[in-house]
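Q: What follows is each chain in one-letter form.
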Amino acid sequence: MDFIVEGIQKAFQLIFTLDSEIFSIVLLSLRVSLTAVILASLLGVYLGFLMAVKDYWGKRFSVSLVNTLLALPTVVIGLIVYSLISRRGPLGIFGLLYTPLAMIIGQFILAVPIIIALTHSAVQGIDKRVRNTALTLGATEAQSAWTVIKEARYAVLAAVITGFGRVIAEVGAAMMLGGNIKGSTRVMTTAIALETAKGEFGFAIALGIILLFVAFSINILLHYFQDKRA
Amino acid sequence: MDKLILKVRNLKKIYNNKIVLDIDNLNFQEGKIYAIVGPNGSGKTTLLNILNLLEKPDEGQIFFYDQAITNKLNSDTLEIRRRMTLVNQDPFLFHSTVYDNIAYGLKIRSISSKVQKSRIRSALNIVGLSAFKDRKANQLSGGEAQRVVIARALVIEPEVLFFDEPTANIDQKHIDVVERIIKKIKKEIKTTVIFTTHDLSQAYRLADKVISLLDGKIIKQVPENLLWGEIVEEEDGLKRFKAMGNIKFAIVSEKVGLAYISIDPRDIILSYEQFQSSARNSFLGKITKIIEQNHLVKLEIDIGIPLVVIITRESFFKMNFNLGSKVYLTFKASAVKLY
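The listed protein sequences derive, respectively, from chains U and A.
Just so we're aligned: the first sequence equals residues 1 to 230 in the numbering used here.
Just so we're aligned: the second sequence equals residues 1 to 339 in the numbering used here.
Mixed in with the good hints there might be a few duds.
Not the full set, but computed from the structure, chain U residues with beta-carbon under 10 Å of chain A [said to hold, decoys possible]:
1) Q13
2) T17
3) V130
4) N132
5) A134
6) L135
7) G138
8) T140
9) E141
10) Q143
Treat the hints as calculated values from the structure; they're not laboratory data.
Yeah, the Cβ is synthetic: ideal placement off N, Cα and C, and Gly gets one too.
Required output: the full structure, derived from the provided sequences and hints.
A: The following block contains the structure:
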């Protein structure tokens, strides 16, 4: 039992003394996941919007496909991206494996279906009169599309935040593609796994607390935007 | 002669294999007010949407001045779409302030914020909502929202302003306000206004010209007490018209099946007691609305469905009718007109 109590004490000590190693890991986590989510949002919001407003061949199939991809295990993403970017893979010459960029790619793939699916349902839930109102007031097609997204803004933001919550907490792809290299690709989740295995509970618990705090903040934000929507 | 701003030629619109609109020839003159009247489902809204380029017809052509404008992509008609606008029956306000809502049409036209400000001020003034500029749109009542939507249409200074049932979903107080606004638009702005309504007297009050639609076709005049229902042959061998609420009228008809009928409000006799007569239709109803119009009084009477009855001012006062009075309505089977 003692090791847990000691671990927690150590953890708070590390957090309150602003331990530099802890904070470099936290900052890298945020940098990787935020970059992944911003890029995923650009693509995901666009595709989710198109899926909601356009009629095209294979629409139902694409909706099912995206919903299936929501359940994509992170280790499978890790496996696929690994096989593409490892030295022997088709993109091997770029030397991406075990870099932050590789983790960003993995998390991007993880976040895109989430953001597409949630944006799709957000835009579908928007009153059909929005587009017509915009058009009757003289909007171009692009302006009316932007107006629809603006009307769905809180739900779309909630989609982006949900995507962020998913990627900051994932460990499989970060481990396989980043390699957990100290000072280079070690993020919160991979560091927790490693330090726990090493028996460094204080360090692991400190990161765990920060990760929980991030998750908690994300949820508060999410609830805030969901309330705004209502 | 005034210029024709909109022309409709050989227009047909089909939904689910049914012709919902079939208009050979219809002209709208610049600066005039037009009312399109007809019952629900007569094609009024579809016609407005086609004129405003929100929908495309299946056949025929619309001309804006002399330019054919249908069957083109939205991007090709942008310039013309920006010279017209439509105020919907069920107004939609963007989730922002009244000011931002009204500014929308100006912003997308990249009009300078200084000009925006002054135009928005005068539009709010016209609809009498100057104090509402910073209100959130979702805090408005139905009637206020309707007026904001009108202001939002007015700021873009359209050459044609369409109103779809501008007074259908609002209370009497706001109906008066909206009617006043339409009159003001005619007097001060001289925009061509085309509005739909199912209230015939409103149409004649506001419009220079009334266009009647029934089943997608233009007819000479829309009658009052127009009802949709089914003609059935009953066990006694007589034909009756079954309206909503299972109300049956004795009629004179050769055919059976779904049909429109109308009853001239001047052909209905009102009495406190049911009386013996040759007229085969007699119903008990309650007076729900009294509107005085010069020498005549128009009564709305609920017999399960609302019917309009017109009597002279003299009979009205002699009979001492009041709101809520229970009265018998009597009319001949031959007073029911079939379409």
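Q: Each hint needs a verdict: does it hold in this structure or not?
A: A quick look at each hint next to the structure:
{"no.": "1", "hint": "Q13", "verdict": "violated, 48 Å"}
{"no.": "2", "hint": "T17", "verdict": "violated, 46 Å"}
{"no.": "3", "hint": "V130", "verdict": "holds, 7 Å"}
{"no.": "4", "hint": "N132", "verdict": "holds, 6 Å"}
{"no.": "5", "hint": "A134", "verdict": "holds, 8 Å"}
{"no.": "6", "hint": "L135", "verdict": "holds, 6 Å"}
{"no.": "7", "hint": "G138", "verdict": "holds, 4 Å"}
{"no.": "8", "hint": "T140", "verdict": "holds, 6 Å"}
{"no.": "9", "hint": "E141", "verdict": "holds, 6 Å"}
{"no.": "10", "hint": "Q143", "verdict": "holds, 5 Å"}
Hints 1 and 2 from the earlier list are contradicted by this structure; the remaining hints agree with it.
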